[in-house]
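Chemist: As you go down the protein sequences, you meet chains C, L and V in turn. So the first sequence is numbered by our numbering: it starts at 1 and just counts up by one. So the second sequence is numbered by our numbering: it starts at 352 and just counts up by one. So the third sequence is numbered by our numbering: it starts at 898 and just counts up by one.
Quick caveat, the hints were computed from the structure, so don't treat them as lab data. We put the beta carbon where it would ideally sit given N, CA and C, even for glycine. Wrong hints could be hidden among the right ones.
Stated by the list, open to error - Incomplete in silico selection of chain L near chain C, CB under 7 Å:
#: 1; residue: Thr-623
#: 2; residue: Asp-627
#: 3; residue: Asp-749
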Amino acid sequence: MSVPTDANSTVPEPVEGSVAEADPLVTGEARQREPRWKRLPVIWQLRRSTGLQRGMLIAGMVLCAVFLIAAVFAPLIAPYGFNQLSDAGGNFPRQGAPSAQFWWGTTVGGYDVFSRVVWGAQTAVLTVVLAVALSIFLGIALGLVSGYLGGWLDRILVTIADAIYAFPSLLLAIVVSIMISGGESGFISGILAAAISITVVFVPQYFRVVRAETVRLKAEPFVESARVLGASTPRILSRHVLRNATRSLPLIITLNASEAILTLAGLGFLGFGINPTAASEWGYDLNRAISDVAGGIWWTGVFPGAAIVLLVLGITLVGESLNDLSDPRLRIRRRPKRVPRRTATAMKGAA
Amino acid sequence: MAFSGHRRRAFSAVALTASLALVLASCAETENIDGGGDGGDSGDGGSIAIGTTDVVTSLDPAGSYDNGSFSVQNQVYPFLMNTPYGSPDVEPDIAESAEFTEPTQYTVTLKEGLTFANGNELTSSDVKFTFDRQLEIADPNGPSSLLYNLDSVETPDEQTVVFNLKSEDDQTFPQILSSPVGPIVDEDVFSPTELTPSEDIVEGDAFAGQYAITDYTENELIRYEAFEDYQGLLDAAETDVITAQYFTEETQLKLAVQEGDIDLAFRNLSPTDLGDLREDENVTVHDGPGGEIRYMVFDFNTQPFGAETEDADEEQALAVRQAAADLLDREALSEEIYQGTYTPLYSYVPEGLTGAAEPLLEMYGDGEGGPDAEAAASKLEEAGIETPVELNLQYSPDHYGNSSDEEYAMIESQLESDGLFEVNLQSTLWDTYNAERVEGVYPAYQLGWFPDYSDADNYLSPFFLEENFLVNGYSNQEVNDLILEQASTPDEAEREEMITQAQELVAEDLSTLPYLQGAQVAVSANDIEGVTLDASFKFRYASLTR
Amino acid sequence: MTIADTATPPTAAAGKTSGGGGLGRYILVRFLLIIPTVFILVTLVFFLMRVVGDPISASVGGRLTPDQLNARLAEAGYDRPVLVQYFEYIGQIFTGDFGRTLTDNREISEILVTYGTGTLELVLYSLVVALVVGIPLGRFAAYRRDQIPDALLRIFAILCYATPVFFAALLLKLVFSVWLGWFPLGGRASTSTQLVLDRISGSTGINIIDALRTGRWDLISDVLAHAVLPAVALGLLTAGVFLRLVRTNLIGTLSMDYVDAARSRGVREGRLLRKHAYKPALIPIITVMGMQIALMLGGAILTETAFGWRGLGFQLAQYLGARDFVAVQGIVALLAVIVALTNFAVDVLAALIDPRVRY
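Using the sequences and the hints given, assemble the complete structure.
Modeler: Now the structure itself:
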């Protein structure tokens, strides 16, 4: 599964001399005039957006928010437990059509589809958070070390990263997840396995961006002078790299998050996921829905599938809008008079 | 207007494809494309199309030990011993006679004038070759371990084969000759030392069963033609041509039979689809007993109050197992989850086989097959066990079909009803599962069994002898002796009695708790007749007619 | 699959080593880099697969005693140190022998050929779908930039990416196979067709070509009917990428100076888009298309599984389930070679088009 973006804009290599608002100087100054909360990454971009771009960003944020709320308040929202098979009124029907009692029907296992979808948000969000956190941490650490030290270590790491890059990621995820969970499909082990396997797939991306930035910065004169002044180079590097990478990292993060959801679902679909009594997982539900299709039973598959699509849509919308807003070629320009002069000049220079 | 460019491009793409096709077509013209004439496989009444989702690993009997392969081999290879339609017991197939001439000598006399489809003669040397190569190759995926009792094979003359056995009066040996290790192969086609690729077998036409294979695309398509010189136990094939189509998905199989693309679907239809098909007037569902069983194993060391636990107590451990047996509602599992594709099982030897009894039916639950929570509660109370009993229950989600998830979710809720058990249900993928179950990590766990041959012994020896494949710490001297003794008891009634007795003893101990028996289910178009699903557990295409 | 997430090919290492050399040297170095990539992948698969289990326990583990099982494992040589097995395998590969599958005893090379054609066929169909859908829609979106159609098309592109292939497959089957009954649920051809096609002398294994050679319309239409749903499922995934790409690049070129110049000469926007901006915008698409082919190979695993399309991806999933490591290694090695070669071709192409890529 790839991402429908041309790479140049999706995962921008920190190209030398590219300026625009990503230039720490410009952003720094522009931002200093705003209250702190308005300078937070997403909100900053939201305020700068306009027209359709703003609409898409907001739509994405709303979608994400809905799923976040579903994840956090799942116990309150879902009418039944994710593994509940009966209530006071007796056993739930199997493959029951949507009704007043079961809004979205029941599955072949006798679970309530609506409840499973809501609880599934929890599993998905947890996996995403874990996967993203792990990938960022490892990717940045490795990228810094590799870029800073250079030499044979750097070569080896780059070659390995390229190799992993060329590996069918789902296959890698399957094998890694079997290794990690030892085939045990409980809640914790399932989420961990999915998260770590996604990490393995995604570390090369962070690694590449951070490494390139480190290599570039290492040659900068100010690093040299800082070293003379006695500051430790890794420290300087990490600060500057991180600051510079903030431009592209949010994009990779949203990509990473959507990929995490799709991988989790893919694992679940292929039967390497979490068992249904341990947690609700959309991919698993889709797997079981496959055999319902021939009988025309649509509700067991359509709802969990739609949940996957909508959540990924939400995240990608946010990511894409951020991308567009940071790419001057793609940003919808506001009316000139409202654009601070300085930024306008910078934009022209960049385009 | 913005699309004009694309149209041009698309057109050139089409043009390119078309010209490519023309080039290829022109070279094809000069070649002989057969199959156009006799490939039309429907309509002439002489052919039936079968669909399945089984997977074939190998046409070579030495390299496969699975249902999918064996069901093909059953159609195309002869056996020394085979089961006639409708019976679980074996009779000579391409043999004139077969009997113990000495306690350790089993002598088989072949019929005269047997041949393979390629014209080669089928003689005793082919038979010797067959079994020698099984032992020689001993492929890790093959069935050679079934020949554990075979010492050597002798061929005094062209028609006679003498099997020298290690132990005396082995009553299962005739059955083993009908098992996956038994198909007789052509010594001129097969390699004596290594597995023979399926293509070579088809090319060499090394078949001598009711059918011969004419076209073979592995796991996609097999075309069978009746083998006219088959002289075995079974009748000649009723239908000349059978095509077997291999589906990758149960849903496809279901739709195919429903829409008449195939005439018969055999193995495997999902319970959901089967429920649907039972209500469809255009198809007929055929049910028969199946050899597969599902059971729960208790590890005598690590189960609650097991030998290696802190509060080890044999009596209490037994009470826990019996309480579990009381609580199982097999009817619900069979009907709700499997839609009758599995039927309730109350015995160790399943229904249909000689020696089947139902000791668990009366011993546990309400005595009529249903669950009885009060009986369970009182057993636990008598043994002085505080409820709820904590039980770690394991199953494998990827080895016994998709429905294992539902099956065990339901068993969990059955055991937990009335608060007698507190079940901690976990699932583990098969590789790890199989390794861990042997190490005794799982106090109670799911397993299934498919027989190698249709004999009660195959449901007892592997499980309840002192040395068994479960390694769950169960040992009962009396059971052990009975099982060993029945295996060498020539008198059938006496043997059956022993088998029943052994089952009753195990039912009291509950080393394992059997609960479901797989049914064989075939779905056919209404005009198909002769669907035979019997306790031989071999589905023969030869009896099918339209 | 993330292979093509960035269109910037893995040139980091290549760029460093090529130094000031010319194009020929760059291409050579880039080509040689394929070897370590494939080597690392094969190694990775080898060790990962040993950790997750073995084919013997997977097939007969539930019916043998631990002793019997160990005896079989020993016989197959799986009890030896992994490193020994590894060097043995690598040695084999160097002699060009990929071995035989463990579960069904077939030549790996034969499997690669037999099922590779199936995958190739599917990927080609999908590419056609992707191009036919992606490029015109991308142009349209660029033309109507920042208007409602643009927004809708972009959401469509994201949806293409956000929909897992198996969910797309489920929806397509539900609607077009079960409800409407237009197309078959799966497979590459129906039995009778397959039977005829297999019997053609000199069968290519690519069904549509074989069918065209017979010239029988019933066969051709049967083969095509089977291809429609899988091709759409896999093709849409890529169509989204093409759509985005065409749009972004067109917008990029539209703001170029020479386009501005044309505009100032009074050329209308529609003509600008068609004549001036279109061709340059296609160049990056060509490079990305190479990557997309590699990517589709990955996507083919799920598509083939979902539609029972017997190609490499389908077989890979089967062998993975049976823990047949020899088969998995062989298939992954082939995929790795194809991906690496495609990346190589793309890099060379990029270098030819834009000399700045070579440092």
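Chemist: It remains to establish, for every hint, whether it holds in the given structure.
Modeler: Quick rundown of the hints versus the structure:
Restraint check, Thr-623(L) versus chain C: the minimum CB separation of about 6 Å is within 7 Å; hint holds. At a threshold of 7 Å, the smallest CB-CB gap from Asp-627(L) to chain C is about 5 Å, leaving the interface hint in force. Among the interface hints, the one on Asp-749(L) holds; its C-beta lies about 5 Å from the nearest C-beta in chain C, closer than the 7 Å criterion.
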